[in-house]
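Undergrad: Here is how the chains run, residue by residue.
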Amino acid sequence: MSAIRTTNAAHTGADEVAVRKAIASTSRPPRAGALSTALTFGWRGMLKVKHVPEQLLDVTITPVMFVLMFTYLFGGAIAGSAHAYLDYILPGILVMSVLFTTVYSGVALNTDLTKGVVDRFRSLPIWKPSPLVGSLLGDSVRYVIAGTVIIVLGVILGYRPGAGVAGAVAALALVVVFAFGLSWVFTTLGLLLRSPNAVMNAGFMGIFPITFLSNVFVEPETLPRVLEAFVNVNPISILATASRGLMEGNVNGADIAIVLAVAAALTVVFAPLTTRLYRKG
Amino acid sequence: MTHMIRTSGLVKRYGNVLALDGLDLVVPKGAVLGLLGPNGAGKTTAVRILTTLLEPDEGAVEVAGLNVRSEPDKVRERIGLSGQTAAVDEHLTGFENLDMVGRLYHLGRKRSRERARELLGRFDLAEAGDRSAKTYSGGMRRRLDLAAALVAEPEVLFLDEPTTGLDPRSRIQMWETIQDLARGGSTVLLTTQYMEEADRLADDIVVIDRGRKIAEGTPDELKTQIGGERIESVLATAADLHPAQAILAGLCVGEVQLDEQARRLTAGVTGGAEVLKRFLQRLADANIAVVDVGLHRPTLDDVFLSLTGHSAEEVAESPDGRSEPEAEPTDTREKEAVR
Chain A
1 MSAIRTTNAA HTGADEVAVR KAIASTSRPP RAGALSTALT FGWRGMLKVK HVPEQLLDVT
61 ITPVMFVLMF TYLFGGAIAG SAHAYLDYIL PGILVMSVLF TTVYSGVALN TDLTKGVVDR
121 FRSLPIWKPS PLVGSLLGDS VRYVIAGTVI IVLGVILGYR PGAGVAGAVA ALALVVVFAF
181 GLSWVFTTLG LLLRSPNAVM NAGFMGIFPI TFLSNVFVEP ETLPRVLEAF VNVNPISILA
241 TASRGLMEGN VNGADIAIVL AVAAALTVVF APLTTRLYRK G
Chain B
282 MTHMIRTSGL VKRYGNVLAL DGLDLVVPKG AVLGLLGPNG AGKTTAVRIL TTLLEPDEGA
342 VEVAGLNVRS EPDKVRERIG LSGQTAAVDE HLTGFENLDM VGRLYHLGRK RSRERARELL
402 GRFDLAEAGD RSAKTYSGGM RRRLDLAAAL VAEPEVLFLD EPTTGLDPRS RIQMWETIQD
462 LARGGSTVLL TTQYMEEADR LADDIVVIDR GRKIAEGTPD ELKTQIGGER IESVLATAAD
522 LHPAQAILAG LCVGEVQLDE QARRLTAGVT GGAEVLKRFL QRLADANIAV VDVGLHRPTL
582 DDVFLSLTGH SAEEVAESPD GRSEPEAEPT DTREKEAVR
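Protein sequence lines, in the order shown, are assigned to chains A and B.
Under the working numbering, think of the first position of the first sequence as 1, with each following residue one higher.
Under the working numbering, think of the first position of the second sequence as 282, with each following residue one higher.
Just so you know, not all the hints are guaranteed correct.
Stated by the list, open to error - Listed next, the stretches of chain A that the computed footprint assigns to chain B, with coverage defined by at least 3 CB atoms under 8 Å from CB atoms of chain B:
hint	segment
1	39-53
2	122-136
Stated by the list, open to error - Cβ-to-Cβ under 7 Å is the rule here; a few derived chain B residues that face chain A:
hint	residue
3	Thr332
4	Gly364
5	Thr366
6	Ala368
7	Lys504
8	Gln526
The set of hints was computed from the structure by calculation and includes no laboratory data.
Keep in mind it's a predicted model, so treat the numbers as computed, not measured.
The C-beta atom is built at its ideal place from N, Cα and C for all residues, glycine as well.
Bound-form chain B, shown alone:
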């Protein structure tokens, strides 16, 4: 089997609103796909369909070689889901949460307990394992939730915004955990609104907006698609700005952008480091002092901005944790306004 997840022409409507508008996805075995988009783009709807929680209106869905629509029960035996909210029972201890999931997977009492301890150790929860999950921090709950998704060693793992709402330290910890899983050969589909996250974790990225795929490729391909590198330089004195601008203009493609306030010059280039070297050489020849200079590749934020006309963070966070109010009419209007 070459792919573990495949959808084609996936459509889901909520009333008049199209949450998914013909979404096609393919995730090869062992790959990590980042599904990137703002709130309301359709990410959670896609995950809910792939994990058998929601019926699509149209389209084909295949997970682990099984037809999700006709064999949802078999699909459930092969997948793990860690949703947007940490789905842990607060009244139970971490250990009991995992033990319960193990029993539900029919691992048997003994094996369930072993597996629960194993996972608690692996996710740095061994010490907290016998405490009620109510006492856990947000990061610990997320880790427990991810552990619960892994109890039956699923072939395909779905992570819906695994780090939303986590502090930076917990986020980095979560990233490392996901990277470990990917190295272990798991097939992962993760959704995120963080460009940095997709860049760091995903082999391939699919950018979606309003239920449609608007771009796809490796992180590098997407960055290239949006235009090459650019040189950014901050000068020591404002008086040098215009001579430096003239120098840069001779080396770049397009126009040089000038930020007088910050004494910063920015320009797109092709040729990378070589061009940067020449630029510095000429600045030195002209006795122009530089505070900061660098060659920047566009971030995925830039990618998103140029693809959709609005930045990923402009759409407000969903206040309702229960189910992302995907593609709500108000949401769509907001986006229209931004456009």
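Isolated chain A, as found in the complex:
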């Protein structure tokens, strides 16, 4: 490096430096701050929801189907009645629907990469990670919408959270915080894989089994012992249990702490990884 700098200096007379300084200080607007650019990217995410609402439908239709199918088809067999099962399954499906949505954060990032949009952003004078942070902020709004759809559906079907609206909001907030952490995993994947479809397939190949191998649908006691042991330590089980607790008003504080710790751990590992991959381009 030092050799190169010397070469440059040799080419550059003192006058030229002065001229350059003058040119550099023409009437360019000051650089946008990190928060401002991140919000602009969040706004971009909102515009997408506005223009392509069907993308949201994609991720909510499966959970909606699951609510209806599991409640009315298996509810009687699993919990004795459809209504009793709805009480159990609804917070679980809330978790599932929001977590499924996180895969799309990776898909969207990969789409930007393949279309060259990432190159445009990387050539702009902005805080480098702001497109990532901004998109995830925007995605959080989508998570809220996806979660709200499930809660509203539950209420229509006769679900009444014991802790009322406040409980439902708290449960949704916890799920969204966890989803924010998890989405960094998919943005990492989004930067590593070759096409949006590959991200989608790999993402669902991971999220699907790990969601099913939790207590979202059934009580773990009914499972074979090995499976039960796995289900009990699966963070998604703990998230589902915490959501149920928040909705019913009998939450265990330790569950919430574990959920937040896992979300933080995912962020600490995968956010820098995503950022580094993004920087390298």
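For chain A, the structure is supplied; the task is to place chain B on it using the hints.
TA: For chain B alone, kept in the frame of chain A given last:
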């Protein structure tokens, strides 16, 4: 400042493959440099380094008087990039795409909107401005992408194969747009595989192959370097071919090439129009009828062929739009085979 872009000894390796092998470029302020070469020659790698997207392994890079390696952020404030793929967000409207870029440059909400409308008008997209970019044609997307590169009125503009994949009409439209920009005093570096494009748009051309500069100069200089003009003539009857060949042989330098099938004679000449006049005179004296005759300067395709031993179009188009697989081993082998 006399130059807006300068690189010296630029080297970039991908594994064992040298994508750039000591590339030197100088682009004076207000000039248009055409970086010409086939796929895999290193054009996109050079542009990515100049636009701060890629770190070189060796060499010095300066854009707008700033050291790209040590002050990439400052460089980003001064450049505009329009890459190989139209980098537009399909889900957003044309207006929203430009508005977003304006906000990211911190133009402010009001000014961003004004600028977006201004650019849509200038690039013939005013009517389509409020439609989702998904509905745009290839040419419209490219124009929108170029508009996005111009939002902050950059001093230096990088255009990576601005017309690849466009239909002829859109291509000509794009050329006119770039010519307008050049007339407006922008410094432009554009890469292309089309000789015609470099000839038409660039003040100076640098021909690169395998990451190395193999020739440079104005379009005219390059054509001269490769040999002067040639006379091409198509005769009415095949019987006249040999007498006409004898006449031309007396006027040309080198040998007369004969294409019996097409009844065509071709020969290199020095002396231009005067020689052509004499040739026609003598043909007339000998009562030889001519269907077509002309004085041709070599095209840049000829330049490329003679410099590299293969034509620019012989190397297959890259199938992967995401990043040009520059200097991939297979690519190199292909070129070897052609040589």
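Undergrad: When the structure is checked against the list of hints, which entries are broken? Sort them ascending.
TA: 7 and 8
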